[in-house]
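Asks: Here's the letter readout for the chains.
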Amino acid sequence: MANTKSIISALFDDDDVLLKSIKSIREKGHKIREVYTPFPVHGLDHELGLERTRMAITAFIYGVLGLGVAMTLTYYTMIYDWPQNIGGKPSMTWWKNMPAFVPVLFEMTVFFAAHLMVWTYFVRNDMYPGRKAMNPDPRTTDDMFMMEIECSGDEELLRNLLKEVGAVEINLVSKADEAEALAEA
Amino acid sequence: MHYESPVREPLITGDKSYHDITVDVAKPIETNAPRSWWIAFSVSLIAFLWGIGCILYTIGEGIGVWGLNRTVNWAWDITNFVWWVGIGHAGTLISAVLLLFRQKWRMSINRSAEAMTIFAVVQAALFPGIHMGRIWLAYFVFPIPNQFGSLWVNFNSPLLWDVFAISTYFSVSLVFWYVGLIPDFAMLRDRAIKPIQKHIYGILSFGWGGKAKHWQRFEEVSLVLAGLATPLVLSVHTIVSMDFATSVIPGWHTTIFPPYFVAGAIFSGFAMVQTLLLIMRKMFKMEAYITIQHIEMMNIIIMVTGSIVGIAYITELFMAWYSGVEYEQYAFLNRATGPYWWAYWSMMICNVFSPQLMWFKKLRTSIMFTFIISIVVNIGMWFERFVIIVTSLHRDYLPSSWTMFSPSFVDIGIFIGTIGFFFVLFLLYARSFPVIAQAELKTILKSSGENYKKLQDQNHGEH
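Residue numbers (this note's numbering), protein chains in the order written: chain W, 1 to 185; chain A, 1001 to 1463.
Honestly, the hints are just simulated from the structure, not real lab data. Errors might be hidden in some of the hints.
Below 27 Å or equal to it, Euclidean Cα-Cα: the simulated DSS-like pairs (lysine-lysine) are [to be verified]:
1. K132/W to K1213/A
2. K1361/A to K132/W
3. K23/W to K1361/A
4. K163/W to K20/W
5. K163/W to K23/W
6. K5/W to K23/W
7. K175/W to K5/W
8. K1027/A to K31/W
9. K1213/A to K5/W
10. K1446/A to K132/W
11. K1027/A to K1446/A
12. K1211/A to K175/W
13. K1285/A to K1362/A
14. K1361/A to K163/W
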């Protein structure tokens, strides 16, 4: 259970040091809860064992949806509801009139894919205007890198390990017994 | 790990650390504006207010107050529209196309270039709105049910495609820009000392905390948005060109228009990026991030796209002759030698001749020369649209109705007003937004920063 463990935060001042330290911390059986960085550190997701994000897949699905909406819209307005002879373009079937609709089909596809993907991104990240800042330490948007670790076993040993791998500041976030109360709150 | 060939010039000069980047980007926001900013802002604001007056006058009186006549029934309004949309293209090209091509020099200029895109499209969108004459019926352009009007919109029409293209382009650019801004707003929030600033940037930053998973999503979302924005930006000016190309007016009815317009758009957009960045670089002392190399790269793009535009002009002339259609032939002969010869040759000199000077390294790395050429190119691109639109119309099939176009003070006022509005927006942005994508830029500091590159070279020598 997570709430029986203390949580320790370690600050690093270099991305390469941070990246190298992850392996040795995880090897010792400690769980890295979160890493806060001021910029995307390449290879960090791989080191932490994060799964691939599915944002691109959602964009594809939304794009297909947008295309479908555009097809329905052009069919309903131009073919079904009020067909007209415009510049001699065939209005009998959607398919024959389709070449004139390509720009709109394309734009709607892009519109849906881009906007809905970004909405999904905000929802999945739990981001919205006015949300409380998610980083516990304001320095992590400047030049510091922070790691939150669940300590399994001896806290002192972990502190020594962190010093060894190059952490510049180590703090106790919550003690083992306090953590339980924190988790419930 | 952060290796980059020593042959490549550093993209960040000086001895910069991550913290230095933070401080430098936050500086224009946290310090008082320089006097030059206030002067530029006041001038722009006056121009903007004059423009608002002219727009209100147009709406109140109708478009009869413009210089249009029965023969030339489309002139400055649509010239300005196409000009502004075109300028917008460079921002998306820098942030999307150069991202796909992994061009790292885009990073210190993409934020401002995208801001320029959005502000330029705002100006562009004004013109179709007011040139309808009855702006309160502007909702007619949207596909809304029958009872609002008498008919559905016409999906066969390029003018409607334009509505879809411009609104998609504007909104997607805005979202792309904002997604990138969030981590930088968070940086400003975490630095802010004044409570009001902290509160505002707190709202704007959506609670961003730089979690590992969020960065992973951020990078994929940026990549997909770049992938979507790339065909989008090409489609927008393609569709704008179809407003002309699908008509049967000699001089407009050409299949070369889509690629020709897109190249011209990128050409003029990069020129405007140069104009803005050179001012911003000086005003806010960003020389370490926007280096001579950045300026040179953009000048090369101006040179290449300017040459494409030149080829398009010549192809147009050739096709007019080769088509054997006398109306087509006359339209082009009239452009070059008719009463609007001065507009045609201004266009030729500004767009075809002037960018060729960029072949000289001395010239393309000169800041003053770049600034002058960037303005010359934008004048030339305005004339290009004016030439295409007005010279194709002013001598139609009936010689008795041949006429000239002269703009009224309202035409001129609205155009100047949009330039003022554009600069008002950009100057306000430069004082309140992170003008450089600092989070992104920090990722290349170790590979492309001058101090780190020197270190690399030393280490390399020891081996």
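Asks: Take the hints in turn and mark each one as holding or not.
Replies: We went through each hint and held it up to the structure:
Proposed proximity of K132/W and K1213/A is supported: the alpha carbons are some 18 Å apart, at most 27 Å. A threshold of 27 Å between alpha carbons decides the hint, and for K1361/A with K132/W the separation of about 51 Å lies outside it, so the pair is violated. For the proposed pair K23/W and K1361/A, the alpha carbon gap of about 49 Å is over 27 Å, so the pair is violated. Using a Cα cut-off of 27 Å, the hinted pair K163/W and K20/W holds, with the two alpha carbons roughly 13 Å apart.
Proposed proximity of K163/W and K23/W is supported: the alpha carbons are some 15 Å apart, at most 27 Å. Between the alpha carbons of K5/W and K23/W the distance comes to roughly 20 Å, so the proposed pair stays at or under 27 Å and holds. Taking the CA atoms of K175/W and K5/W, the gap is about 7 Å. The hint holds against a cut of 27 Å. For a cut-off of 27 Å, the pair hint linking K1027/A to K31/W is broken: about 39 Å separates their Cα positions.
For the proposed pair K1213/A and K5/W, the alpha carbon gap of about 23 Å is at most 27 Å, so the pair holds. As the CA atoms of K1446/A and K132/W are separated by approximately 31 Å, the hinted pair breaks the 27 Å bound. Between K1027/A and K1446/A the CA atoms are separated by roughly 22 Å; this keeps the pair inside 27 Å, and the hint holds. Proximity of K1211/A to K175/W is assessed by CA-CA distance (about 23 Å); at most 27 Å being required, the pair is judged to hold.
At roughly 23 Å between alpha-carbon atoms, K1285/A and K1362/A fall within 27 Å of each other, so this suggested pair holds. For the hint pairing K1361/A with K163/W, the CA-to-CA distance comes to about 51 Å; that exceeds 27 Å, so the pair is violated.
Hints 2, 3, 8, 10 and 14 from the list above are not met by this structure, while the remaining hints are.
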